[in-house]
Amino acid sequence: MRRSSPLAKLGKGVAVTALLAFTLFPVYFMLSTAFNERAGSGTDSLLPKHWTFEHFTHAMGDGHFGTYMVNSAIVTVATVVISCALALLGAVAMARFQFKLRTTMLVMILIVQMVPAEALVIPLFLQMKDLRMLNSLAGLSLVYIAFSLPFAIWNLRGFVAAVPVELEEAAYLDGCSWWQMFRRVLFPLVIPGLIATSAFSFVMAWEEFLFAVTFLNSDARMTVGAGLRQYFGQNVNDWGGLMAASTLVTIPVVVIFVLAQRRLGAGLVSGAVK
Amino acid sequence: MPSSRWRPWLLLAGPLLVIAGLLLYPIVRVTVLSFQQYGLKEIISGKPEFIGLDNYREALSGSYLWKTVLPNTVVFALVAVAGTIILGTLVALLLQQLGPTLRALVIGSALVAWALPAVTGTYVWVWVFDPDSGIFRRTLQSIGLLGPEGTNWFLDRMSFYAIAALNVIHHGFPFVAITIFAGLATVPEELHEAAKLDGASAWRRFWSVTMPLMRPVFAVVTILSTIWDFKVFTQIYLMPGGDGQNPEVLNLGVWSYIQAINRTEYGFGSAIAVLLTLLLLVITLFYVRAMFREDELR
Numbered sequence: 025m026r027r028s029s030p031l032a033k034l035g036k037g038v039a040v041t042a043l044l045a046f047t048l049f050p051v052y053f054m055l056s057t058a059f060n061e062r063a064g065s066g067t068d069s070l071l072p073k074h075w076t077f078e079h080f081t082h083a084m085g086d087g088h089f090g091t092y093m094v095n096s097a098i099v100t101v102a103t104v105v106i107s108c109a110l111a112l113l114g115a116v117a118m119a120r121f122q123f124k125l126r127t128t129m130l131v132m133i134l135i136v137q138m139v140p141a142e143a144l145v146i147p148l149f150l151q152m153k154d155l156r157m158l159n160s161l162a163g164l165s166l167v168y169i170a171f172s173l174p175f176a177i178w179n180l181r182g183f184v185a186a187v188p189v190e191l192e193e194a195a196y197l198d199g200c201s202w203w204q205m206f207r208r209v210l211f212p213l214v215i216p217g218l219i220a221t222s223a224f225s226f227v228m229a230w231e232e233f234l235f236a237v238t239f240l241n242s243d244a245r246m247t248v249g250a251g252l253r254q255y256f257g258q259n260v261n262d263w264g265g266l267m268a269a270s271t272l273v274t275i276p277v278v279v280i281f282v283l284a285q286r287r288l289g290a291g292l293v294s295g296a297v298k
Numbered sequence: 150m151p152s153s154r155w156r157p158w159l160l161l162a163g164p165l166l167v168i169a170g171l172l173l174y175p176i177v178r179v180t181v182l183s184f185q186q187y188g189l190k191e192i193i194s195g196k197p198e199f200i201g202l203d204n205y206r207e208a209l210s211g212s213y214l215w216k217t218v219l220p221n222t223v224v225f226a227l228v229a230v231a232g233t234i235i236l237g238t239l240v241a242l243l244l245q246q247l248g249p250t251l252r253a254l255v256i257g258s259a260l261v262a263w264a265l266p267a268v269t270g271t272y273v274w275v276w277v278f279d280p281d282s283g284i285f286r287r288t289l290q291s292i293g294l295l296g297p298e299g300t301n302w303f304l305d306r307m308s309f310y311a312i313a314a315l316n317v318i319h320h321g322f323p324f325v326a327i328t329i330f331a332g333l334a335t336v337p338e339e340l341h342e343a344a345k346l347d348g349a350s351a352w353r354r355f356w357s358v359t360m361p362l363m364r365p366v367f368a369v370v371t372i373l374s375t376i377w378d379f380k381v382f383t384q385i386y387l388m389p390g391g392d393g394q395n396p397e398v399l400n401l402g403v404w405s406y407i408q409a410i411n412r413t414e415y416g417f418g419s420a421i422a423v424l425l426t427l428l429l430l431v432i433t434l435f436y437v438r439a440m441f442r443e444d445e446l447r
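Residue numbers (my numbering), protein chains in the order written: chain V, 25 to 298; chain W, 150 to 447.
Just chain V, same shape as in the assembly (with noise of 0.2 Å):
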């Protein structure tokens, strides 16, 4: 590789600690208080001194967290599970099929997703309310899949192209019929573009925000977003107990995105690039 001179080889140093410093710090800060027992105090330090578990323990066992916690699951698992099985369907139609307005239905695709979610709460919150579904975990699930639709019909749209139509057409001469083509031979092959997808939905509806705190007022129903405003907003200085439900908040973020690592550029880049 690049041999380099012992300034540049100092410089990389100083570049790389500086960053680690300024990417960690925040995540650093929010560990270091949810584990010190005097956080908030005007006493506690970068490093606790006293090490407790307890900010943990009350914000699953006293305060509503836990059940928080379970919301949000229940509310991801139905719109990765939903929102990928129907845009997986959408994508096929789009990238294998030639037909009328498919263009047209692209763009459509592209400009709905740049539509502001702050721009549909307001009729979204109407119509909810209208269909009864304000306060239900159905109805924000819902709304979830709406939204991450647009995005993982495009995603998946380009990992269903790669795959090569020799390989269908094998199947055919097989005789497969096209459903029997689809389980067996396409399905397996774009689950690489399903574990993509599915990371952003799963992402997008563990802690989305604007939709849970308009739609949803009881602590029963209450997911991990609206939840944590909830907290802060009852212990005002309890800065320990918001730093680690925040922290249950993002271990599972983490761990998807550790999981997905390697697929979650390669889609934008591919499409950007030939």
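Just so you know, these hints were derived from the structure itself, not from any lab.
Misleading hints may appear alongside valid ones.
Said to hold, decoys possible - Covered, in the sense of this in silico footprint (three residues per stretch, anywhere, with C-beta under 8 Å from a C-beta of chain W), are these stretches of chain V:
1) 44-51
2) 157-166
3) 172-178
4) 270-280
The beta-carbon is built from N, C-alpha and C at its ideal position, and this holds for glycine as well.
Since the structure of chain V is provided, determine the placement of chain W on it from the hints.
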């Protein structure tokens, strides 16, 4: 296959139904609402009244939109996008220079920063800058840069948005860095070697070799970041005063939300939401054009 004419529509039925019911219909409805007087009174009577362009007139007249909300939205987006792209590019270029261990370490930490949810990330920064016992105040005081009386950085518009920019850049640069780093791997090494032999400096090689080839990648990350940063909501709404208590710090998205949901002025809030959407639509058109140019849509 005889059924292949209908098959695409059969496959599309599910996704289209959901998109039509929960994205397209609300787009139409918010537009209709924006031309209506639709508040608490109209909800009860169930008879919203069409008032033409009155909501837009109200939003566009007066200095609040022009002097407070629009600068908060646009200037913040420009600063945050520039910060995200510059930092992301520098990190991508640094990643290229590193060995496998350090590279994995930097990518890993970037993934953690990216994974920090907007809600928790915002609370962490609020805690860092907490006017009473935040680490920033205590650090400044211990080195003598801040007197014992302290300062509330969330009250002033500039420092409020400086903190928001720090939050958004910290959260957004990993996506840019990882995407650009992946793109850089597609730039042929020989081009750099040739330019090096011709005596081109690193700076010159970046602008004359890397940049032209990476244009599409930069276009995508810039436009996506622009769209995200124009409509940042969670990061503003969750900061002290951002939920409407301090009118100085609202942006278009938060203003619309507070008018509609907190003050039950659905019509007026919708008009602001439509204005935000139109702004984003203009940016989106550039996105679609860029994609068409790269033959993405064929």
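Here is how each hint holds up against the structure:
1. 44-51: The restraint on the region 44-51 of chain V holds, since 6 of its residues have a Cβ under 8 Å from chain W and three suffice.
2. 157-166: violated (count 1)
3. 172-178: holds (count 3)
4. 270-280: Answer holds; 7 residues pass the 8 Å Cβ test.
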